[in-house]
Every structure is written in structure tokens, then in C-alpha cells.
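Undergrad: Residue numbers for the sequence shown, in mature numbering (1 follows the signal peptide of the UniProt record, and there is no 0): -21 to -1, 1 to 718.
For the record, the hints were derived by calculation from the structure and aren't laboratory data.
Glycine included, every Cβ here is placed at the ideal spot set by N, Cα and C.
Honestly, I wouldn't trust all of these hints.
Just the calculated beta-carbon pair ranges, DEER-fashion [said to hold, decoys possible]:
id, residue 1, residue 2, range
1, L170, G116, 30 to 36 Å
2, E375, N341, 36 to 42 Å
3, G116, Q144, 30 to 36 Å
4, I370, L170, 39 to 45 Å
5, E375, R308, 23 to 29 Å
6, I370, Q339, 43 to 49 Å
7, P143, S559, 33 to 39 Å
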Amino acid sequence: MTFSTLSLLVGVCLLIGPVSAFGAGDVPNDSNLDGHVWRHGDIANLLLKLPISFVTNYAFTKLELKQVYFGNWLRDYSQVIDYKPLSYLPEPVLRAIISVLAFKKFGFATDEFEVTHEVLGVYRPEEHIDNPREWGGKMSASELHNLDGRLRSTVSDAEFDIDPQTGMKNYIAKESDPLNTSSGYVRRQLLACIREGRDAYQLKKESPTKALVYLGAALHTLEDFAAHSNYVELALMKQGVEAFPLVGDGCKVTVPGSGLQVPPLVTGTYGMLDILQSLLGEVDDKTSHKEQGELDEITKNIPQPQELNRLFMAVKTALGPLSAASSTRELKNDLQSSMDSAADAQQHPSKYDPAQSNNQPNDLWTAIAPMFRFHDQLAKFMLEHEEEFKIPILSEAKKEIEKSIDGLTYKFLAFFIQPAVKVMRIAVKSSKETVEIQDRELQAYVDIWGPDALGSDPSHSVLSKDHYSNVLNPVAGRVSLALINYATQKVVRAWEDSSLDPNSVINSILAGFHHPYFMNESSEVQKQMYSAVTSWWQTRTEGKKQFLRRVLAKEGVHANQNNPVVSAAEFGNDVGSGWSFLEPLPTTKQRPPKSIESDTIKLIEQAGQLIKDTFNQIEQGKVKLSNTVGQGVDTAGHALDDFSNSVTNTAATVVGNALGQGGQQVVQQLSNLGDQATNEVNQFVNNPACYVNQGGQQVVQQASTVADQATNEVNQFVNNPTGYLDNAFRGLGGGRFGL
């Protein structure tokens, strides 16, 4: 789509009223916790400060960050594709719901943001460094395989042994054995990432899109290392802090060379509870206000059929003047397909209800795919031209377009997946209850609290630092930042330097999976991660250190005193936030924005303001076009379609219908005048060079003249509606409307 073509849509979309959209975010920017606590999305923001190329020193763009975080985010939501939810709903339906959640989060759903069967995957413990003990419950390997062949079917006892060479559980990083390790998963993702990145670099592509999604998947697991393990507790112990390491007092491993007996590095069981709770909304962080679950966020936006129809007609009307532009044909086709699907769903609601026997899982995908394409073509264009849209009139136009198109898209998707969401809520709740029961049963015989206990399989809920409430969330976030800072720079250099051996690069990154007491002093990433903990501890006040020692001791952790945080004040004024603890980051610069012709900018700025001023006279309440507003959206849309097809043959009928609706003459008159403006602007679109050579003023002048005529017509109606309508009736034979 060219900017000239979109400029027409900008002007028309200014006339469509705003519609509420979903909210999104990680730690809110205006929260007093921003920069103090961390989630995956907050950690990923570091990439905006890193180069995506050491040749150009261009920083990652916001779109590229979205692509990386998309790969990261999917690893969390793949946990929904697990044996319990799959017992209720087929994978395509679960994936369709996740695609809507992804669209809500990222604003895109096609191309590199498409939630495919392959990209989403299924729940695999190694992707999150989860302890896989008792995974699968009482289901047999064949039963799990029948649900989805990608699910883990067996768990080996060898996975839970402690590697004496590393001090860590085997399932974390012992790749020498045929085990499903987290390091093995990261290696596969980074190998694919480096391969795709090098291909993009050789082909001189603007952005290594596929590589970014693989990078995000790998970063997710790297980030989970500090949050899902007892690494921070062990690093604090090494500094003399008596932090309980979440394993039994009698569970020890010998450090090679020194003979020192220390607790092993372990992770927790049943980590998928977090995502299930997020979907249901039953548990929230103490540091944030209570929010609905993500499934509730979808269903609360379900529109009535009449509302959806009005939204469709409003957007279709906005596209009406662009019917001659070839670059908008796909847009109009996708919109029409979506309208047809909505009509079909209203007539045959059981077709999209997974609880009905005649439901086909792929019908849902067929219905929602055109709307995804329609939205994304417009949204990506505006993101690519973000800098140009900062011009005041364009900025306002962009907001109006986003509100209108997003509103239609969100409500359309909610309308379609409502039946599936009802079933999914039951499935997720059942899955959560099953996992909680299994967790309690496991903890009943895995003792980590008693004197000389030997347990080494703590629960994720006890060990995890994912939540704001945990006092170690800030320092775990710092460790993760150090690791992804190191990993990302290594990967980018490997994209551009084909002489670097990919496995050697990856080995240096995977060295980050380490036990603090088993550190290799020659490993830069290990030193940076450990330094993130030491610098954090050293900057605590003495009062804060005393508090931390108390709540991190075994008794404090057992009493859940290590989860007291309710505000940033709990961290103390001496908290080190942001990226300041990292080593000096590489110098970066912003990529030059894609250019927009200055004449086009002037055209949109002037014509857009004229259009807005004209229609504001109606919006300000100077005249109550109640019938037009209440009944006339569909009529106005049909009128525009009729005019674009045959003005001569249909104008008289349309005018008569409009008058019967009470005030539709105004809409029709503005439609006629709008056609004149469209013709002039289309001349500019089809031959911009000619207009530029002539100073580019003809279009603006024509637009100004037409807008003045429209304003005059509206003013006449406002000042004397009865006289205006009388004149309109007398003009049907060839007067005012030129028939």
C-alpha cells in the first residue's frame, strides 16, 4: 500500500467514531514499580538499547522488538497446549484462542506474528527449565501421544540426578546424555536463529524477521534460569548471606577441586500454574490491582450483532472512496469475507461452537484469518511510518484509524471465539486443579523443610521469582538482563561474521547456565551474572540487608515472608533500577525512517483539517440528526456504494430514501461533494509527479473548495432545517442535487 493511497483512508477514517480496544502491557510505565521489578516483556525491552547490526550500529526497532518478544511470549502460552486442555478442545481451537490473545498483546496476527501449529508447539518442561517430575499425571505414554505426538511421553529417573561436574540437575544442561535438557532446547533455537540471521544478512534483507522469533524463544528460556532456579540464593550464600536454597539441608554436592559441600542448583515443579492463573485471573500480584483473567478480557468485549454490523458498514464506507485503487482490493476483499463470515455465524451459530457435534475446528480459522490480514496491512504500515505520523494532523488521524480498525477487529474476534472461550475456561480450570493436586501430592513426600532433609524437588510456587511480590524478583531480573545482553550481542555478531562457529558461540552463551560455586573465571557471562547479584546486595542499606536476611532464612521462606512486597517503597530508596548495573552498552543509532513525500504530507495536513472542521459542526450538537445516526449508517453505506456504481441511474432513488429517513440529504450531499474531492485526490495518486511539478497546490485548493461547499451546506441545514429540506424537495427535478 502506498502512502498516497492510505492518505485517502486517513481522511475518511477521521469521520468514524472511536471504539474501545483491549489494554496491554507489562509493568505499566506509570507504575511506581517500573524499573524495579521484571517480567519477560520488561526484560526484552533491553533490546531497544542494543544494535541489531554491528556494521551499521542500528538499534533494534520497536517492530523488531515485538518480533523477538512474540517468540518469547509464545513459549509461555504454549503451556496451554497440554494434556488436560487437549482433553477438552482440539489443538486448532486452543491455538485460535491463543492467536487472539497474541493479537491483543502485539497488535498483529499474520506473517511473522502468525500463531502456527509449528511455532506455538506444546508444553515442554525443558523450555521453561521446569522440573519434569510427575509430569503427565497418571496418563500413559500412548494416551499422551494420541492427544498430541509432540507432548513428552516419558520421564527418565536420570533427569533428576545431580551432575557432579556442574552441581546442577541433569535436566538443566547435561547434553552429553540423551536427555531432554533446557540447554539442548536453547541450542536448537539459537542454531536456527543464527542460520536465518546469516541468510537475511547475505540477502541484504532489511530485518532478519525469522531469526528474531527464534531469538525470542531462546531468550525466554535463558531468562527463566534466574527466575525459576535457586541461582540467586546460591549466589547470596557465596557472599555469606544465609539464604535458604530451597533444598533439604542434607542435600549437598561437592565442588570439584575445593571439596566444599554446597546445595545443588535446582528448579521447581509445575511451572505452568502461572499461565493457567493468568488466563483465569484467580491470582494476581500483590503489587498490582486485581484484574480479570485474560479469557474474561476477551469475552467482556463481545458485541451484539447489530453493533458488529454497524462497525462493518462504517469501515466499509471509509474504504468506499478507495474502490478504484488496486492496492486496496485485498483490503476490501478481506473485509467482505469477514462480513460474510459474521453473517454466517449469526445464521448458524452452532457452526463455530466446539460443544456442538457439527463443529469443524478449522472453520474458526477460516472465519478469522481474513480479518487478521485486513487489520495487519494497515497496522504495519502505520508502525513503519511511525516517525512521519508524529506530524500533528497525521498523529491524530493515526489514532482515529487505530481506534476504528482495532475496535472492529477486536469485537469481530470476540464474537467468533466466544463459544470456544467458554469451553476453554472449563478446560483451564480443570487443568489448574489437577496440577495443584499433583503439586500437593509431590510436596507431601518431597521434604525440603525438615532437619537434614534430602529433598531436591521444590515446587515452582515456592521457588519462583516471577512475581513482583517476591523480594528477589528485582535481582533475578538483573541476572536475566546480564544474560540476554551477553547472548543477544553474541548472536548479532554471529549473523554478520560467518567465520564464527555457531556452536562455539552458543557454548559461550550456555555457560550462563551455571552454579555460582562452580564458576569458570574465564567465562565473561558467568562473571557478569554473578556481578549482577553482588552489586545488588552491596547497594542495600544495612536495614534492608537485615530485613532480607530474616525473610530469606528457612523459617522466613517457610512462612512465605519472602513475598511481602506491595509497593516500590518495600525495595528501599537505594534500589538500583534500569540498566545502570550493566557494563557500558554498545553505541547505537536510530534507523532512518521511511520517507514520505513532503507534498503528500501537506495534502493530508490541510485536507484532513478541512474534513475534520466540516464534520465537527455536526458532532458539536448544533443539529440533532437522530434518525440519521440511529438508522442511517447502513443507508449511508449503501448510498456511497450506489453512487460509486452509477450516479445517474440511482441518485434519485437514494435521495428519496434519504429524505424518508429524515436528514439523509445531508449525508448524500456530502457524498456527492466527497466524490468530487476523491476524483481530485485520485488524480494526485495516479500522477503525483505532475502535481508536484505544478506546485502541488491544485489538489489542496480543490479540497478546500469542496470542503467550503460542504460547510456551507451543513450551515444552511443547521440554521434553517425546514427551509433546507423544502429547497431539497424542489431541487429533485434538477436543482440542488443536480439530478
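Undergrad: Now look at each hint and say whether the structure bears it out.
TA: Comparing the hints with the structure gives:
no., hint, in the structure
1, L170 - G116: 30 to 36 Å, "33 Å, holds"
2, E375 - N341: 36 to 42 Å, "41 Å, holds"
3, G116 - Q144: 30 to 36 Å, "33 Å, holds"
4, I370 - L170: 39 to 45 Å, "44 Å, holds"
5, E375 - R308: 23 to 29 Å, "28 Å, holds"
6, I370 - Q339: 43 to 49 Å, "48 Å, holds"
7, P143 - S559: 33 to 39 Å, "38 Å, holds"
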